[in-house]
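Please work from the sequences and hints to get the whole structure.
Line order of the protein sequences matches chains D, Z, F, Y and C. 0 is the number of the first residue of the first sequence in numbering that gives the first Met the number 0; add one for each residue after it. 0 is the number of the first residue of the second sequence in numbering that gives the first Met the number 0; add one for each residue after it. 0 is the number of the first residue of the third sequence in numbering that gives the first Met the number 0; add one for each residue after it. 0 is the number of the first residue of the fourth sequence in numbering that gives the first Met the number 0; add one for each residue after it. 0 is the number of the first residue of the fifth sequence in numbering that gives the first Met the number 0; add one for each residue after it.
The hints are simulated quantities; they were obtained by calculation from the structure and are not laboratory data. As the structure is a computational prediction, the values presented were derived from the model and not from experiment. Misleading hints may appear alongside valid ones.
Claimed, not checked - Straight-line Cα separation of at most 27 Å, DSS-like style, residue types lysine-lysine; simulated pairs:
(1) Z:Lys3 / D:Lys115
(2) C:Lys153 / Z:Lys227
(3) F:Lys30 / C:Lys958
(4) C:Lys958 / F:Lys193
(5) C:Lys957 / F:Lys38
(6) F:Lys102 / C:Lys970
(7) C:Lys957 / F:Lys178
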Amino acid sequence: MKLVMVLGAALMLIGFWGLITRRNMIKMILSLAIAETGLQLIMIAVGYINGGTAPILDSAVDKLSAVQQVVDPVPQALVLTAIVIGVAVNALMLTFIIRLYQKKHSLNISDYKDMKW
Amino acid sequence: MVRKTIALALMSGLAFILAFILGDWSPMERLSGVAYDYVTRGAADLGAMNLVTAIVVTYRGLDTLGEVTVLFLAASGVAVLLRRKRDEAAATVKIKRAASEIVTTGASLLSPFIVMFGAYIFLNGHLSPGGGFQGGAVIASAVLLLFLAHPDYKLRHNVLNIIESFSGFTYVLVGLLGLFLAGGFLDNRFLPLGTYGTILSAGAIPLIYTLIGLKVGTELAGILENMKGRA
Amino acid sequence: MDKEKDGVLATIEEARKSFNEQDYYCQELPKTVQPVANKIVRGFYNWAQANSLWILGFGTGCGSIELPPLFTPRYDVARFGIFPRPTPRQAGVFIISGYLSVKTLKRVIRSYEQMQNPKFVLGLGSCTVNGGMYFDSYNTINRLDYYLPVDVYIAGCMPRPEALMKGFETLKEQIRAGKAEGANHYVENLEWYKANQKQIIKDWDMPEYNW
Amino acid sequence: MDGIVLKVVYAILSLILIFNYGMLVIGVTAKIVARAHGRIGPPFYQPYIDLLKSISMRTSVHHGVMFWLGPVFRLTGGIGLYMLIPAVYGSEWLQNFSFSGDLILVIYFIFFGMLGMALGAGESGHPFSAMGIMRGLAHTTASEVPFALAIIAVAAQYHTLSISDIVAAQQGGIGHWTLMTNPLATLAGMLAYLGMMMHSPFDLHMAPQEIPVGPVTEYNSSYLALMQSNRSIFASAKLILFMNLFFGGATSIPEMVVKTFLIFFFCVFVGVVFPRFRVEQSVRWFLKLPTMIGVLAVVIYTVHG
Amino acid sequence: MVNPIFIPVAALGMAFLLPVLERFGRKTVNVLFFLTLGFFTAASLIWLNDFFMANSPVLRVFTAGFKPPLSINLQVGSQEAMLLAAINVLSLAGAFYLLPHLNVTGLKARVLFLLFTLGMNGLVMTRDIFNLFVFLEITSIASYALIGMDVRLKSLTAGFKYMIAGSLASIFLLFGIILLYQASGTLNIDGMIASGVTLNDSPLIQGAAFMLFLSLFIEMKQFPANGWALDVYQAAHPGISAMISAGSSGAIFFALYKIFPLAGENWYLAAAITGSTTFVISNLIALRQRQVTRLLGYSSVGQMGLLLAALGFGFYVNRGRDNYAFILAALFFNHFFAKAGLYWIAGIVKKERIEEWSALRRNPVLLFLTGLFILALLGAPPFAGFWGKWALIMNLGREDTFWGVALLLFGSLLEAAFLLRWFGLAMRGATHDDIQPSPAVREIFVTGLFALISLTLGARFGYMRLTADLWTYVFPLILAAILFLFEGFSVYLRVMASLVVMLFFGFYLYPLEQGLAFYFSLIFIGGGLLMLLATLYQPRRSAGYYPLLVLMFSSMAVLTASKTQLGFFMNWELMTFSSYLLIIRGKKSRKAAWLYALFSLGGALAMLAGFSVLQLIRPGAELLADLAYAGEYGGVIFTLISMAFLVKVAALGWHIWAPDAYAEAEDDLTAMLSAILSKAGIWGLLLLAVFMGAPLWHSLSLNTVLGWLGTLTAFFATLYAIFQEDAKRLLAWSSIGQVGYIVMGVAMMSHLGWLAALWHTLNHFLFKGLLFLAIAGVIHRTGTRNMYEMGGLIKRMPFTFFSVMIGIIALSGVPPLTGFGGKWLLYEALIEKGWYLQAGVAFFASTIAFLYCYRLIHAIFLGIPKPDQLQVREAPFRILFPQYILIAFIFVFSLKPAWLLKPLSAMVAPYFTPTLGWQGDTAVSSLGYWNGTVMMILVVFIFALVLLNLLWMSRGSKKVKPFNIVYAAEKPDRPQTTHYAWHFFTPYQRAMRPLLKPLIRHFWQGVGEWTATGGSVLRRIYNGNGQSYAMLILLLAIILFALTAGA
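Dropping the structure here:
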């Protein structure tokens, strides 16, 4: 699972890198999404227990000894929420970009410096 | 160049921080804390096979309600932001090309099945992986497919709105029923828990997931439609 | 003439007029003041007046060059109580030193009128008597006593300081004798003096009497 | 009650004495200056004649109430100043009203006449008056500085500000005079004295050639007479003050006459030798050398405690 | 009791239902919308009532029928109730304010607004950390949408930047939460705190805390990661900005407050450092800001910094947590209501640049509200911020955290600088156009409501702090409030009312005071009464004039009755602010009033610092008398506290404000400032001397320093006075110089010295009041302050001339009038004390005073009258009357100095052995003696004699006219050229040139310019690029990591 963790961290860094180097706003948003994905990977990794299975108490898992068999369900529940919130934010951000593009016909973040100082 | 250098410096700093924090991380050996409780008593308490669902819908139901709210907010926000002012109508230029026949035919064929699959997912959320959000998203993908096939396709707003409002409001009502009839707000146990492992079990969870599924589906569809731009 | 310049001149003129009208000058005419009635006091006062002659330091013409030597060790008029005084308010003796141009006359009149009674005038040089060598000049007056009451004339062109000292001597005698009443004479005959003065001075831009 | 009547009588006598003394000092000095020039000069009683002449003038003009009051202030200042200084040490009738205040009162009362005069002259509206006052005031502020320092040094030396006490402390021979015991203060004081007498080279307030007679340009006749009287009293009062402060005071009238005359002659002597200063030169001069000496005098006592 | 769960239920129910209800029309929707918000407000108010009035137990709600940590729980206690009440009132009022804006954007906007409110409520109530995240997201997303709602380019740009920042923050937050979850096995905040998991210093847990707090610090808009916030505040609709700045920032702050117990020691420090840095830097940058909404943005960000700093310090010093709750609440609510109010006003006025705010002048109500909110933000009493700041600084002092004190006070000063400049422009800026703000009743109503709440809260917090002598300390405010009722009536009635309340207050204070305090309150109240009488000469007075005057005088009087430090400081501030508001009424007094306020506030803040140092040595000290125990810190405390007084007396170095303020204030006000207000500083110095004696700074006696300061002030101010062309400016410098003598007297710390100071205090009041009033009369008639434009007025205004003459004789210290008494005492004291050199300088100064005295009277009254002033009349009787009362006093004390000196001697006797004795009417010191009575009689007698003599001699004297002068045989041309008045002392100026270099002014200018330059350099980091802002956020991460990882 350490691999997933490292992967997640790497994705986060990649996301951040993209965020601060890509001028294109859509790419920035995608970078943020990548970083979020990295974080979600990390969350899943945190909830993982070596050799565990999905926390669904169906026939594959014995209801009584479930504790020893399943992974932590909480991070998974949290990830679910996080994903949905991420989707919402991304949708809204894209909407902003649509509107911004209509105003200035540019996707370059450096073109939107009307307010400063 | 300066910018890149600064960015590089920042990134190495961040990398150092992440490395510092996660450096000696190791996976948990066994469940502990609240997770232990969830796993040991979740099924008994709520009658849901899928523990994640149990947590999402009931134990941390307020989060889920919030999640729905967030999505609803985003949909409303998108709608507000992309609303058309009167003078903007003339300005929008149509550059829409009709989709190819393969796409249109495929879409017509597939979309009922996709919707049905979505419904399946949220209806079985307490039994198997899946749930309202996932189901809703699948339904919305059907709408997306329709949009791809028929760029001029119009959703029926009123119906969507009513479904959305109704499902959302009912969700809140169901929560309140939990408060009045059972242990607390969003308690699923005001309905009988039913037989463990069947579709009509786990109290109000299937009901809630259905409502969520409907709501998420309509909301995502709404977002898609708004972003597509109305013809 | 330039219109704007005209305007400026007009405003200055106007301002002058308005100052005259606006009560900046005393418009009254002087009255004669008789000496003290008491004879002893009068004699005492006359003695003091005679022995403390303060000359108004106003050189009106070329004769004023003769004044400075008076205060040197050679002549030393200080021993007679004669001192120069730069302000007419405090001076008692006005020496008209030589010719008097029209322009200067105006100033002389103003200064004379600002001196306090009793005041004395010394006409120094021939020019003050009859115009002297400038008798036919367009720009000088010929007879000083048409314009001011003169107590003593000192003839010559130019008279030496000794002559001047003699003049002082004469003036002192007159004062002591109570005959130097030029100030009162001027006031009594003010109308005549003013008429003469105004004949010469065309742009009479001052009040009738300069207090 | 008797005491007060007596005091008033004494004061009037004292005043008559000092008035005549002042007149004579001025007259004699003029004579001496004339002699120095190689002239005969006016008679020593010329100041009396001039005064009489001013009184005898038949007309006068004035510019308003304050103009009118100016000479009154001036003479009041002169008389008042003299009244505050004990003229002769040990003499009862020449003590004047010195019990009503000490040295501080005296030096501040000097300004009374000056201020009143300045107000009166100001009302005349003559620009030269205003200029003369400006010069006089400016010059005075500077020349008073070394004087004040000298007084402070003297007060620090004798631990008193009472003039009588200062004189008393100087009795017993020339060695006890402030001149000997506190030469720095005396030096500063005497340099300041030159300025305070407003004689050449510090007669810039009336600068005969620039702003003829300065503040009093418009004054005439009886007003002038008042100022002429003041001149004698005021000057004598100042002379007596300096005598008291630095030269052991006087125990008899002849001693006073000699000492004050010598002090006055010091200023006349300097005046004959030097031409006039400009305002800023005078101000700067006083603020440099005399003030430095004064500061030194004061610092010595600050350090010694 | 309302179940808290109904808040989300109601919000969501309504939000989900509204789209369906749309068809029933806008009205229905609006009614339901406001009903919901009203329900929130009502519920939270009920809770507030329950917790504070009925002491109910804390409400805890478990969802889903399980106990935490299994389920999510909500909690409403007293703190939550306060927050919820504030937030919901804000939401209701904000919605009401925003109604037209919401109408334009349609139904969905209401949904957004409702959910925004829900988000804030949830942030406050929830006790589950992941739930906190969800509510944070709800709040954020709703605010993104609300910002972009009006689809303008600017708001869209700002919203986008905000979203990037928000997304980064939420990534960090989630990261932190998941790590914490792994470490603690729970998501419940109480559980986490109880388990003490974060005390472990493993990298994972420290990392978790790092991520958690990093995220909240970003949301709290900490420097440098706050560029986006500024854009949002600038671009968003002001109504929305109000919601974000007050509401959501507040809720987030509370969330931070909630989880802060999780933080370790290193985070307390980090919060303190970050917060105070943000506070200082954002206020610094704001100095150059001209855009109103962005200015408010900087201020908001600064206030957030202040709150964070207070929080950090509160935990850092780890003691007195209850006290910190008080501080945080006070600071928080103060900012909450004031900032919302200011944003709303910005929305009403609709002027972008602060220069254009002069339009506000036409609308007194708005102007009043603006002033009120700005004062609240500045922490003026009685607003809550005042109490909070006081308590915070005192606590910091107690814990020896003086770097915090320094940073916070510096930041406060900077904040005052830009806020007051803005207010000054609104009050006195040049009008640019005639478009006036046209506020709707609705807008005024909500803004006014918040003003009322601000005041009420201030009163409430003040009631908690002012434990002793409450009524005395708040009396001035009550009096001012009473006088407000008389606004709109005629001036006579207002003056009458003012006189009555002041008299009443005098009677109230009378039994409380004796000795020195009595003497000073006599000057403050008695002088105030006299000056109030003089104000009648102007037939019309703008609104608020008399309340402020009474506030100023009575707060000064309270200074003399104050026993506690807080009461003293409070009334000191009241006095400062009321006088500032009075000064700014002058026609051109904008800059002058600004300088005055800055210097005064700087001084007051130094005083605050001084008191806080005292806390270190004597924790919990509340009484002024505790200053006596300063011990080794005496020097520091004395220096700091005296700073405030030195500013008020305009001592050299702190005098920059005075000439301008005195000159530009209204004419009769100047009389009050100079004659009375400057004495407040003297009272302060006396108080310090009474309690602290003569403390040492190392081996240097501070009294020697103070003495020299007074001496040099007297000298240099007098020197400057003589070169002024403006009569009031001349008197202003003179005033500075005269007060310098008083400072000298106080510094001498001897019987005679204090007598000199006290004597001069009264005298300066008498003659400077006289002079300023007389000059006010002259200005009233001539309409100019330039002396060279006047002349010869003695003939037109003889009574005024007489006043001025008496005034200058008394001022210059010429016997026999009272001024001499002061000089006599001063020199006797100086020589007795052995301050010979000082005596020399003082003497020099006092002779120079003659120059300006003469110039004043000559240029105005003597010389030649100007043509346009030939018709002026004597000053009105209403201003002459008080002058002649003053003259009467001058004559009485001249004739009988003993009547004043003997009581004064008795007042000083408790502190020093008397060295002044009496022989009849003669005052005898160890050096000399002085009999004022004999002197007066003597002078009058001689004067009368000479006068009679001249009367006889000059009979028949001819009175002539102005131009009848000897003019070198010429005729004067114009009065303008004949009246010698302009540049009167040019030769003197030439002689004194080396002493006239305005070094101190240059120094302060330099300070000002360098500070502003620092701001403009720093603000370059906000380059407007959203990407750069993202980089700055990452930078903050690294900085914070460096700050916290060390521990």
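Consistency of the hints with the structure:
1. Taking the CA atoms of Z:Lys3 and D:Lys115, the gap is near 21 Å; set against the 27 Å cutoff, the hint holds.
2. About 24 Å separates the Cα atoms of C:Lys153 and Z:Lys227, which keeps this hinted pair within 27 Å; it holds.
3. Between the alpha carbons of F:Lys30 and C:Lys958 the distance comes to roughly 14 Å, so the proposed pair stays at or under 27 Å and holds.
4. Of the supplied pair hints, the one linking C:Lys958 and F:Lys193 holds, its CA atoms being roughly 22 Å apart against a limit of 27 Å.
5. Taking the CA atoms of C:Lys957 and F:Lys38, the gap is about 25 Å. The hint holds against a cut of 27 Å.
6. With a CA separation close to 13 Å, the supplied pair F:Lys102 and C:Lys970 stays within the 27 Å bound.
7. The suggested pairing of C:Lys957 with F:Lys178 holds, with an alpha-carbon distance near 25 Å, which does not exceed 27 Å.
Checked against the numbered hints above, the structure breaks none of them.
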